[in-house]
Amino acid sequence: MTAVLTILVPLVTAALVLLLRNSVLLARLAAMAGAVATLVLAVLLPGSRPFSAEWLPGLGVSFSVDGNGAASVLVFAVTLMMIPALLVALTRVEKGAAGFAALLLAAEAGLAGIFMARDLIVFYVFWEATLVPGLLLLGLYGGEKRREATTKYLVYAVTGSFFMLVSILALKTLSGAASFDVIDLMLVTPDLPVVTQTWLFIGLALGMAVKLPIWPLHSWLIDLNEQNHPSGAADVLGSLYKVGAFGFFAWGIPLLPAGASRVGPVLLALAAVTALYGAFGAIGSTHLKRFLAYGSLSHMGIIGVGIFGMHLAGLNGAMYFLAAQMVSTGGLFLVGGMLYHRRRTFDLREYGGVARSAPALAALGLLTIFAFIGVPGLSNFPGEFMSLLGAFKNAPWPAAVATLAVIAAGVYGVNLYQRVFQGPSDVPVKDLDGLEMYVLLPVVVGVLWFGVMAAPQLRRIEAQSQLTALQLERVAAPPMPGETLTLGGAE
Amino acid sequence: MTDLVQWAALAPLLALAGAFVNGLFGRSLKEPAPGIVGSVAVGAGFVLSLIAFFGVAGTGEAVRVGFGDFLTAGSFTLALGFHLDQLSVLMMLIITGVGFLIHVYSIGYMHGDPGYSRYFAQLNLFVASMLVLVMADSFVLMFVGWEGVGVCSFLLIGFWYRDLANASAGRKAFIVNRVGDVGFLLAMFLTFKVFGSLDIQTVSAMAPTMLYGSAVLTGIGLLYLLAAAGKSAQLPLHVWLPDAMAGPTPVSALIHAATMVTAGVYLIARTSAVYAVAPGALATVAWVGVLTALVAAIAAVGQTDIKRILAYSTISQVGFMIAAVGAGAYWAGIFHVLTHAFFKALLFLGAGSVIHALGGEQDVRKMGGLGRRMKVTGTTALIATLAIAGVPFLSGFFSKDAIVVATFTSGVLGGVGGEVLYALLMITAGITAFYMFRWYYLVFAGEERLERAVSDKVHESPSVMTVPLVILAVGSVLVGYLGLPAFLADNRIAAWLGHATAAGEFSHPSVATEWLLLLASVLVAFIGLALGYWVYVVGKGAMARRLGNTPLAGASRGAFGVDALYKALFVDTGSGTAEAVTLLDREVVDRGLVGLSGVVPLIGGLLRRWQSGQVRAYAFAMLLGAAGLLAAVALVGVLK
Numbered sequence: 034m035t036a037v038l039t040i041l042v043p044l045v046t047a048a049l050v051l052l053l054r055n056s057v058l059l060a061r062l063a064a065m066a067g068a069v070a071t072l073v074l075a076v077l078l079p080g081s082r083p084f085s086a087e088w089l090p091g092l093g094v095s096f097s098v099d100g101n102g103a104a105s106v107l108v109f110a111v112t113l114m115m116i117p118a119l120l121v122a123l124t125r126v127e128k129g130a131a132g133f134a135a136l137l138l139a140a141e142a143g144l145a146g147i148f149m150a151r152d153l154i155v156f157y158v159f160w161e162a163t164l165v166p167g168l169l170l171l172g173l174y175g176g177e178k179r180r181e182a183t184t185k186y187l188v189y190a191v192t193g194s195f196f197m198l199v200s201i202l203a204l205k206t207l208s209g210a211a212s213f214d215v216i217d218l219m220l221v222t223p224d225l226p227v228v229t230q231t232w233l234f235i236g237l238a239l240g241m242a243v244k245l246p247i248w249p250l251h252s253w254l255i256d257l258n259e260q261n262h263p264s265g266a267a268d269v270l271g272s273l274y275k276v277g278a279f280g281f282f283a284w285g286i287p288l289l290p291a292g293a294s295r296v297g298p299v300l301l302a303l304a305a306v307t308a309l310y311g312a313f314g315a316i317g318s319t320h321l322k323r324f325l326a327y328g329s330l331s332h333m334g335i336i337g338v339g340i341f342g343m344h345l346a347g348l349n350g351a352m353y354f355l356a357a358q359m360v361s362t363g364g365l366f367l368v369g370g371m372l373y374h375r376r377r378t379f380d381l382r383e384y385g386g387v388a389r390s391a392p393a394l395a396a397l398g399l400l401t402i403f404a405f406i407g408v409p410g411l412s413n414f415p416g417e418f419m420s421l422l423g424a425f426k427n428a429p430w431p432a433a434v435a436t437l438a439v440i441a442a443g444v445y446g447v448n449l450y451q452r453v454f455q456g457p458s459d460v461p462v463k464d465l466d467g468l469e470m471y472v473l474l475p476v477v478v479g480v481l482w483f484g485v486m487a488a489p490q491l492r493r494i495e496a497q498s499q500l501t502a503l504q505l506e507r508v509a510a511p512p513m514p515g516e517t518l519t520l521g522g523a524e
Numbered sequence: 019m020t021d022l023v024q025w026a027a028l029a030p031l032l033a034l035a036g037a038f039v040n041g042l043f044g045r046s047l048k049e050p051a052p053g054i055v056g057s058v059a060v061g062a063g064f065v066l067s068l069i070a071f072f073g074v075a076g077t078g079e080a081v082r083v084g085f086g087d088f089l090t091a092g093s094f095t096l097a098l099g100f101h102l103d104q105l106s107v108l109m110m111l112i113i114t115g116v117g118f119l120i121h122v123y124s125i126g127y128m129h130g131d132p133g134y135s136r137y138f139a140q141l142n143l144f145v146a147s148m149l150v151l152v153m154a155d156s157f158v159l160m161f162v163g164w165e166g167v168g169v170c171s172f173l174l175i176g177f178w179y180r181d182l183a184n185a186s187a188g189r190k191a192f193i194v195n196r197v198g199d200v201g202f203l204l205a206m207f208l209t210f211k212v213f214g215s216l217d218i219q220t221v222s223a224m225a226p227t228m229l230y231g232s233a234v235l236t237g238i239g240l241l242y243l244l245a246a247a248g249k250s251a252q253l254p255l256h257v258w259l260p261d262a263m264a265g266p267t268p269v270s271a272l273i274h275a276a277t278m279v280t281a282g283v284y285l286i287a288r289t290s291a292v293y294a295v296a297p298g299a300l301a302t303v304a305w306v307g308v309l310t311a312l313v314a315a316i317a318a319v320g321q322t323d324i325k326r327i328l329a330y331s332t333i334s335q336v337g338f339m340i341a342a343v344g345a346g347a348y349w350a351g352i353f354h355v356l357t358h359a360f361f362k363a364l365l366f367l368g369a370g371s372v373i374h375a376l377g378g379e380q381d382v383r384k385m386g387g388l389g390r391r392m393k394v395t396g397t398t399a400l401i402a403t404l405a406i407a408g409v410p411f412l413s414g415f416f417s418k419d420a421i422v423v424a425t426f427t428s429g430v431l432g433g434v435g436g437e438v439l440y441a442l443l444m445i446t447a448g449i450t451a452f453y454m455f456r457w458y459y460l461v462f463a464g465e466e467r468l469e470r471a472v473s474d475k476v477h478e479s480p481s482v483m484t485v486p487l488v489i490l491a492v493g494s495v496l497v498g499y500l501g502l503p504a505f506l507a508d509n510r511i512a513a514w515l516g517h518a519t520a521a522g523e524f525s526h527p528s529v530a531t532e533w534l535l536l537l538a539s540v541l542v543a544f545i546g547l548a549l550g551y552w553v554y555v556v557g558k559g560a561m562a563r564r565l566g567n568t569p570l571a572g573a574s575r576g577a578f579g580v581d582a583l584y585k586a587l588f589v590d591t592g593s594g595t596a597e598a599v600t601l602l603d604r605e606v607v608d609r610g611l612v613g614l615s616g617v618v619p620l621i622g623g624l625l626r627r628w629q630s631g632q633v634r635a636y637a638f639a640m641l642l643g644a645a646g647l648l649a650a651v652a653l654v655g656v657l658k
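As given, the protein sequences belong to chains R and W, one line each in that order. The first sequence lines up with residues 34 to 524 when you count with this note's numbering. The second sequence lines up with residues 19 to 658 when you count with this note's numbering.
Take these hints with a grain of salt, some might be off.
Said to hold, decoys possible - Calculated pairs, SDA-like style, for lysine to any residue (alpha carbon to alpha carbon, straight line, at most 20 Å):
hint : chain 1 : residue 1 : chain 2 : residue 2
1    : W       : Lys475    : W       : Val488
2    : W       : Lys475    : W       : Gly387
3    : W       : Lys393    : W       : Tyr459
4    : W       : Lys211    : R       : Trp430
5    : W       : Lys211    : R       : Leu225
6    : W       : Lys585    : R       : Leu437
7    : W       : Lys384    : W       : Glu466
8    : W       : Lys585    : R       : Ile440
9    : W       : Lys211    : R       : Pro429
10   : W       : Lys211    : W       : Thr95
11   : W       : Lys211    : R       : Ala433
12   : R       : Lys463    : W       : Pro132
13   : R       : Lys463    : W       : Leu42
No lab work stands behind these hints, which were simulated from the structure alone. Keep in mind the model is a prediction, meaning the values are calculated, not measured.
Full structure from sequences and hints, please.
Structural data, given as C-alpha cells:
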C-alpha cells in the first residue's frame, strides 16, 4: 500500500488545499503536512510490497505500481524537493498561491506514478497526466511570454506522445503479450523481429527523446524554464519535464532490446552532442533561468550517454544522476528565485558583488553551484561519474566527448558565481531570512546525502538495471572479443 | 601499532571540523580565535601523522582504513578507504607540518582582515582535501581530494573577490585545472575498462601482468600525466599558477608551492606500477618535466613581481620533480617535494613578510636593502635562496643532485635522450641560481629603492610570523640529510619510499663518475650565483638593463606569450562557440523544427480562434482531452 499512498496522499492533499484556499493558514498547513507525509512514505518505499488491482481486465490493463528499484530513489528526490518548492510557492506566489501549491502536489503524484508504474498503460496515463499540472503551472503563473512557451511545450509533448502511444498499443498486439504488465511484456517483446522492434522503439523514442530532452528536440525546455514562475518553485520538480531517460531505462530498452541496440548508437551520439551543446549554451546565456536550463540540458545529455552506453554501471549512474540532479538544479532555481526576489531581474549582467551583503546566500549558492557542476562529494558526481564510466566501457569515443562537458561545466559554474556574487558590489541586498534558510536546508541535506551515500541507493536502482541489462543480453550477438554488451562491471 | 596508525584517518576529519566551526560560527568568534581553531585542527593532524609515521616505520606494513562502499554496479564495487603506507604518511607529514606553520603565520598575516574566519575555514578545508588526496586508496577518492583542493584553490585565490582581477585569477585556475581533471576522469575510465577496478593497490598489483608497453597502458599513463600537468602547473597547463599569486601570500606558500602543486608528482609516484609497464608514457613525463623546468626558469628571470618570480620558480622546481618521477626515480621526486616544501614555503612566507612590511608593495624594483632592517626575514630568506640555488650542504642541493643524476643514469630514458635531459636540467639549475640571486639581491641587498612613505613604515614582522620562518629555515638546512648520495652514506628516503613505489632501472656508474656528477652540480650552482653577482653587483643596473633589451629577455618577461596564445586559441574560440550555440538554438533549431514547419503558428492560431486565446482555456481543454482519453479506454474495456 505504501506505493499507492505515495500517489494518493499528494493527490488528496492537492484537492484539500484547493478546498481550503480561502484560509491561508489552513491551506499552508494542509499542503506542508501532505508533503511531509509523502516524504515519509517515500522513505518507506524500499522493500514495500508491489500493488496490483484489476483495472481494465478486457484490455489486459491492471493498476500495478511498485515502489522498489529506481523508483525508490527517484521518488525520494521528488518528495524531498517538494518541501522547499511548496514553502516557496506558499509564500512567494502573490496571487493564487493555493492553486500553485495544489498543482505542485498533483505533479508530485503524477511523477510518483510514472516512476512506480509497472503496467505500460498506467505508465502512459501518468506520463500524459503530468503534462496537465506542468502546463497549468506555466500557463497560469508564468511570465510574459508564457503563451508561446506553453504552446511550444504542448506541441512537442503531444506530438511525441502520439508516436509513443501508437507504439505502445502495437507492442502488445504484435507480441501477443498476455497483458500490459511489465513482466508479461518483457517475456515476449524481445522475440519480436528486429525490424519490428526497431520501428516500435523509434516510436517510443520520439516521445521519450522529447522529454529527455535530447538535441535537437530540447528547445521547449529552455523557454519553459525561462517563463515559469520567477520563484523557481515550478522548476524545482525538474523531472516533471525530464522523465524521458527514465522511460528509456524502465520501458524502452528492456521491452525492445534489439531495437534499442540498433537505434542506440544514434541516440548515444545525440546525447553526447547534447552534453556539450547544453554546456556551451549555458556559457553563452545571460538570463539566469535560461542558463540553468542549458546547464541542466547538458546533464541530461550525460544521463543519455549513461543510458545508451547500455552498460550496467551507466544505467545505474544515469538513474542516480536523474534523481540527484533534481536537488542541485532545483536548488539553483530556488536560489535564482531568491535573487529575483531581491533584484527583480534574471539578467546576469545586472548582478555582481552579492557575496558582500549576503554572505550566507553566497555560501549556499556556491555549494549548490559546485554540486551542479559535479564536484565530487556533492550530489551530481556519483551519477555523472558512473554514467560516463559505464558508457566509456562500451563506447569510449562518445563517452569521451561527453566528458569534455566537465571542462565546460567548470567554465559556466565559476562564471555564474563570479557574475552574481563576486566583484564590486553596487546594490546591497539583504541576506537569507529565516524562511529562506528553511527552504535551502533540504537542498543542502540532499546535496550532501546524494553526494556521499551513493552505494545503498545504487543497489536499489541496480535491482531494476539488472533486468534491463538481462534483456539486452538476451538479444546480444554472440560475444565478440573486446567489444560486447557486458552485464557486470568488471570481468 | 596498527590500531594506532588507524587514528590517522581522523586527521582530515579534524581539519574538516575546523572548517565547519570557522565556516558556521567564525563570524561570531573574535580574532585570533578562528586562527587558533584552524591551527590546532591542523597541528593535531600533524601529531596523528607522526604516530602513523612511526607505526608504519615500526612494522613496515601499509595499513588500510575502510569506510564502506561508495559506488556499485554488478560485480564492480568501489570501497572508500585510506591507504597509509610509506609514501602517504610522508606526504601527510609535509601537509600537516608545513600546513601548521603556515596556519600559525597566517594568524599574524591576516590580522584585521574582514574575512579572517572565512580564510581559516577555507584553509582548513584545503588541508582536509589535500589529506584525502594523498591518503586515498582508490582513484575515485583521490579524485574527491583532487577536485576538493581545486575548489579551495579557487576560493582562496579569489579570496579578495571584490577586485574582479582576483576573482578572475581564481576562475582561470579552476578552469585550467578542470582540463587536467578531465584527463584524470578519462584515465579512470580507461583504467576501469582495462583493469576492471579503480582501487589503486589492485591496479598496481595487476599492472605487471599486463602487456608491457601496450597502447592502452601508454594511454592511461598519458592521461594521468595530463591530470598531473593541470594540478602541478606543467606544460602546457602551467598558465594558471602565476596568476594564482592574486591570493593571500600564505595561501601561495601552502597551496601553490608546498602541497597542492606537488599532487601531480604524488599521482605519478602513486601509479608507478602502471608507468613501469608504460615506458613511452614515462619518458613523456620526463620530457614534460624537463621542458617545463627550463621554460619556467627562463620566465622567472624576467619577472619583477616578488611573488611572480617565485611562482615561475615553483613551476620550474615542480618540473624537476616531474622529471625525477619520469626518470623512474620516484623517491627523488618525492624527496624534492619534501625539501622544496620547506625552502619554497619559506621563500613565500619571507615574501609575505616583506609585502606585509611595505604595506602591499610587490614590485622588486621598489625594494632593496631590506635585509638590514628585517633581520630575521632577510636571514631566513638567504638560507632558502641558497638552498634552492643548490649550494652544497643545504637541502635543495641533495634533492636536486639526486634528480639530475637520475636522469643521467635512468634506464627508461636511455633510448630517448637521457643525456639531453640531464644537460637541460643542469642548464636550468644554473638559471635557477641566477634568478634566485637576482630575487634576493633586489629585495634584501643593495641600495634601498623604497618610496619614502613606505620606507618609514618598514618593520620586522611579529614573532607569530617570524617563528615559523625560523623553523622552516632549520628544515631547509637539515631535511636534505635524509637523502645523501647512495655512494656516500645510507640513503634513508630512497629506502623508505622503495616500499611504496615501483623500482626504476638505473645504471650504476663508477664512484669516480658519481663524484664528477656531484662536482658538476656544485659548479653549476656557483656559476649561476656568480653570474648573478657579476650582472647585479659588479655590473650594477647598467648590465641588467643591457641584457633586458635582448629578445630572450622580452620573451622571458612575457613568459613566451603563452597566455595570449591560449586566449586566442581557447578562450575566444570557446566564447565564440558559446555565442554560436545560443544563436543557433534561437534562430535555427527552434524555428527550423517548429516555427518553419508552421506547426506552432498553426496550432496556436487554431487554439486562439477556438478558445479566444485564453491560456487557461486550452489548459482546460488539455485536461478534458486527457479525461476523455481515459474515459475512452475505460469504455472500450467495459464493452469488450
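What are the numbers of the hints the structure violates, in ascending order? 1, 5
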